[in-house]
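> In case you want the letters, here they are:
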Amino acid sequence: MGLQDNIREKGVLGAVAAQADDVFTRLTAGIDVGEFRRMLQGEPPGRPNPRLKPHSEGFLLHIKPTYYHESVTRFTHTFRLGLLSTYLFIVETITGILLMIWYAPSPERAYTDMILLLTNIPFGQFLRDMHRLGAEAMVAIVTLHMVRCYLTGSYKPPRQFTWFTGVLLLVMTLFLSFSGYLLPWDQLAFWAVTIGTSMAEAVPPAVVGETVNLLARGAPDIGANGLLRFYLLHVLFLPLLLILFFFVHYYKVVHFGISLPADEEEVGEDTANRVPADKRVYYLPDVLVDETSFMTVINTLLILLTVFFFQAPLEHIANPQSTPLHTVAPWYFYWLQGMLKIADKFIAGVLMPGVLLVLLMAIPYLDYNPSRRGKDRKVAIVAGIVAGAVMIILSWMGTPEYAVQGAPAVEIVQDVMPEEGSGLSREIGYKHLPLGIWRTDEEYDVHDHEFNELLHEFNDVVDFYRRADPDFNAPIGILTISQDQPSLKRLNWEITWFDAQGEAGNYEKTFWLHEDSIYWEQYGWKHLFLGYVSDGWKSLSGALVGE
Amino acid sequence: MTVHQDLRRQQDWEVPLPVQPGKGAEHRETSRRELLTYVWAGTLAVMTLGSGIAAYQFLYPYHRANTFGGKFYIGAATDLPLVGSEPQANVDGRFWLVNTETGPRAFSNICPRSLATGPVKFTWDADRNRFDCPVCGTKFSREGHYIEGPAPRSLDQFVIEVVTGHKVFAKTKRLPEEIIAPVVPSPEAKILVDTSKIIEGFARMDSPALRGSSLKVVPGELSA
Amino acid sequence: MHRLYTRSPIAKIVWGILSSLIGIIALLMVLVSENPRMEAQTINWQGRSIENGATLFDNNCSRCHGPSGQGLVGLGPALNSYYFFTPTGRMKDIGWVGSLEDYVLLTIAAGRPSKAGSQWAEVMPTWGGNYGGPMRGDQVEDVAAYVMNWRGSALAQTPEEDPFRPFEDVLQSTEFQNTAFILMSEEEQAIAIEEYKALNTRSPQEIWANEACLGCHNLSLAQADDPGQNGPNMADLFERAGSRVEGLTAEEYVYQSIVEPAAFTVATYENVGQMPQTYAEKLSEDELQALVAWLLDPDREE
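Top line first, the protein sequences correspond to chains A, B and C.
The numbering of the first sequence is the numbering used here, which starts it at 1 and goes up by one.
The numbering of the second sequence is the numbering used here, which starts it at 1 and goes up by one.
The numbering of the third sequence is the numbering used here, which starts it at 1 and goes up by one.
Bear in mind the hints are in silico, worked out from the structure with no lab data behind them.
For every residue, glycine included, the Cβ atom is placed at its ideal position computed from N, Cα and C.
Misleading hints may appear alongside valid ones.
Said to hold, decoys possible - A few chain B residues that face chain C, going by a derived Cβ cut-off under 10 Å, partial list only: (1) Leu36; (2) Thr37; (3) Val39; (4) Trp40; (5) Thr43; (6) Met47; (7) Leu80; (8) Val83; (9) Ala89; (10) Val91; (11) Ser186; (12) Lys190.
With the hints as constraints, model all of the structure from the sequences given.
Here is the structure:
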């Protein structure tokens, strides 16, 4: 209908309203203002349903199903874990792109850029913490998504390939997280990735292993080339690959529909795509409201965790010459590190993970049991729980708790004042470390509660190793705190002992602590944050009032 | 929208509204839901706006205090050099801090002439009470005014902010005929040199240090 | 389990409104806190840089500049020094127009170009990787940050407390630091120095302190069994000296060890480093004899 006709028919105002309605309809790909309002009011759609049009005409909704079975919209059926993974991927993309703005992938600049980000860029620490938290959460959520699908038997026909792509996505998520691990270029990153890539070396024959390693690192050791390669993997290659497989995966999910709770259909049957009219929950508006509400809540949760609890760790700058004590892989590879402690590098680092991966991908093709009901799948569920328990035990074995013990004296100092990270000494901080000589074989009447706690900890850990190690007798720990410079204290830890033969041993380690240094717990309440807020508010309100 | 599409829309999708029973309570319920949805959309918009502000803050180039390009905290007004004493060199800030009778000034320590060929720092000649450029030999007075030499203009100045409490009380200002130093209201007022804001010196022909000298012919003086 | 799930759209919308409001408040709190947070982080990372510098200084620099930067005469100048930090001191003397921090940075990174005209026996080596040294750029910056952190204690010193000893104990005393001396032939210079030495005999205690013997050797009887850092303990030298080398008396052995240190090295110190071989020139014959006698005296006065 032409504009002239419209004006003739409805008058100018009416024509403008009609035109506005028209624009609105185009933007929503088929829903006019009246229908939109009826949708918000919760009115039922007309027949035929005009709210299906955005799915067929619009780009954004064309990949979403028009309706779901009522049973699969229950929160406890899927826990929205797939949606959550997608949401986290989007968060990672946005925060990642922003972080790239202040980052250059070269060993000369990477670490300095991290410090610049923390000290000089508003919201720099916030974005870094959120990116790190989101990455770790994504690994956890994707894994949980897989566990959920395993337990409900959702990988069974016809969804075998969906499961297969899902396993690929899990692997990509792990690699994405791991490739980002190197980028801060600190000791934590450097050594975790050195260990990780060294596993590639174990691929037989030796030539292949070395070549794989060279290709990954860009040199025999990780350096400028390795950093650049990991950076490109992290920001370009892996995300693109993940997006591709995400769409394959999601297409399959929509194509077959989300599997119904097993009890609601006959064994061997798949009725996800034959939803009776009275069981349909339409995407517009019900599921949309549900998903948006869920993501708003999760988004706030992520912000709150980042603001109040999570700090991305940053250790000393990467130093290829010095391996820190107790180097660990990221937590999601603890199981691998655990296996490496008990088996050979090739078996634990290449063969077992490879077999595990193939097994995981082959589950739907190996499992001939047609039933998805828990009571019919006792073997599968018990096997899954056993596998999970094994993973947890292996992960525990991957931590320094298991089978990594240095000399007792080294471990004692590592406990009270580790080379990297905080430790109780740095946690209580400069002002709670009184000058003097403090020995574990003497009692002190110190009024400083925090320092007392440190002395007790020192006593306890010395005593623990005295009892645990027969080669560590009559140990004495001596802590000497002296003022080295203005606002810089020197902490000299000295441990003396006698071994089983009566030979005296001696170990010394010196650290310095500056008054302004803030060491924190990696995962804990950010106790300084509220102080910053109140300081900032004071100066802001001062400026507003015009003092 | 083509005519064809328009027709199809009318035929396929536009159906008369189902007649509402029109019960009062139910109607209030439904309109409350609509209103809440708008409120929600509003909060989400504010949230997006907030994220936008955060992104703006994150992206905006920011210079660390006490590094060149940022603000230098000189301290209270009492920390300024005394009027008539030697200028203080601030190496990191690349400026000379002078307290003149008209107020404090921060001269960029780069000679105005050498900017094209590469920066050259000028120095303070205590014996002759003036700034000298070691390369081109241009001389400037303690107030930064051009005296003689090949430089095209008087010394450039960084903006000095005088802060009382949380408020900027006065700033270096460029007027058409001169650069005004900020007024220092009290000895406690804090002095900041903002090295991101530079005021170019006036052309050498306008230099007050030339007045009365034979180098410059001032039209007003001629007629008098 | 089904109770976990809210069906009511109104409840979902309210959840959405509430959580986005909370999110906005949290973001506003971050916005307000950013300036103080960045300030705290800035000094935090400066502090950590100083801590790293302290470790590096302790491992590499304290051997010549002293563990607390007080300097070791003959080895390295004092850094924790009023003269070093005050703008009218060191900076003015050497005519440096940049900041002291830049001077420190550059000296650490590139070292001293030469030791000509300097009283220091050792040359400051290059540390920065750019100049062939062992340290990365960030490590040089850390050490410089540590050195600069002495500013507070150094500027609080009185001139008497200042450990910096500019050109006091040099072999070439101020009398020889002139053009006339430089223009002499080598023989004439040697004669002039001998004459000067003969006129200015120092006590063994002075030599011990000023020639930096104490940098490596220890006189404390309490630590007689402690091997010490760079050189043997000399508290009980009189007991051992006579039996070290076949055919040499205690006096001959000690004398030889000073003027010709390479002739014999105690086995446990073979890998530590050589004693400077310049004492034959630096000490006059009288001083040497007095020093030997003093070192072998069981009841020596310190």
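> Hey, does the Thr37(B) contact hint survive, CB to chain C under 10 Å?
Holds. Min distance 6 Å.
> Holds or violated: Lys190(B) as interface residue toward chain C, Cβ cutoff 10 Å?
15 Å, violated
> Less than 10 Å between beta-carbons is the criterion; does Val39(B) satisfy it with respect to chain C?
With a minimum Cβ separation of about 6 Å from chain C (threshold 10 Å), the hint on Val39(B) holds.
> Close enough to count: is the Cβ of Thr43(B) nearer than 10 Å to one in chain C?
4 Å, holds
> Against chain C, is Leu36(B) within 10 Å by beta-carbon distance?
5 Å, holds
> Can the hint on Leu80(B) be confirmed by a CB-to-CB distance to chain C that is less than 10 Å?
Violated, about 17 Å.
> Is the interface hint satisfied for Val83(B)? The criterion is a beta-carbon contact with chain C at less than 10 Å.
21 Å, violated
> With a cut-off of 10 Å on the beta carbons, see whether Trp40(B) makes it to chain C.
5 Å, holds
> A closest beta-carbon separation below 10 Å is what the hint needs, so does Ser186(B) meet it against chain C?
25 Å, violated
> Can Ala89(B) be said to touch chain C, with a Cβ gap under 10 Å?
It holds, given that the least Cβ distance between Ala89(B) and chain C is near 8 Å, below 10 Å.
> With a cut-off of 10 Å on the beta carbons, see whether Val91(B) makes it to chain C.
This interface hint holds because 4 Å falls under the 10 Å limit.
> Is the hint on Met47(B) kept, meaning its closest Cβ partner in chain C is under 10 Å away?
5 Å, holds
Checked against the numbered hints given earlier, this structure breaks hints 7, 8, 11 and 12; the rest are met.
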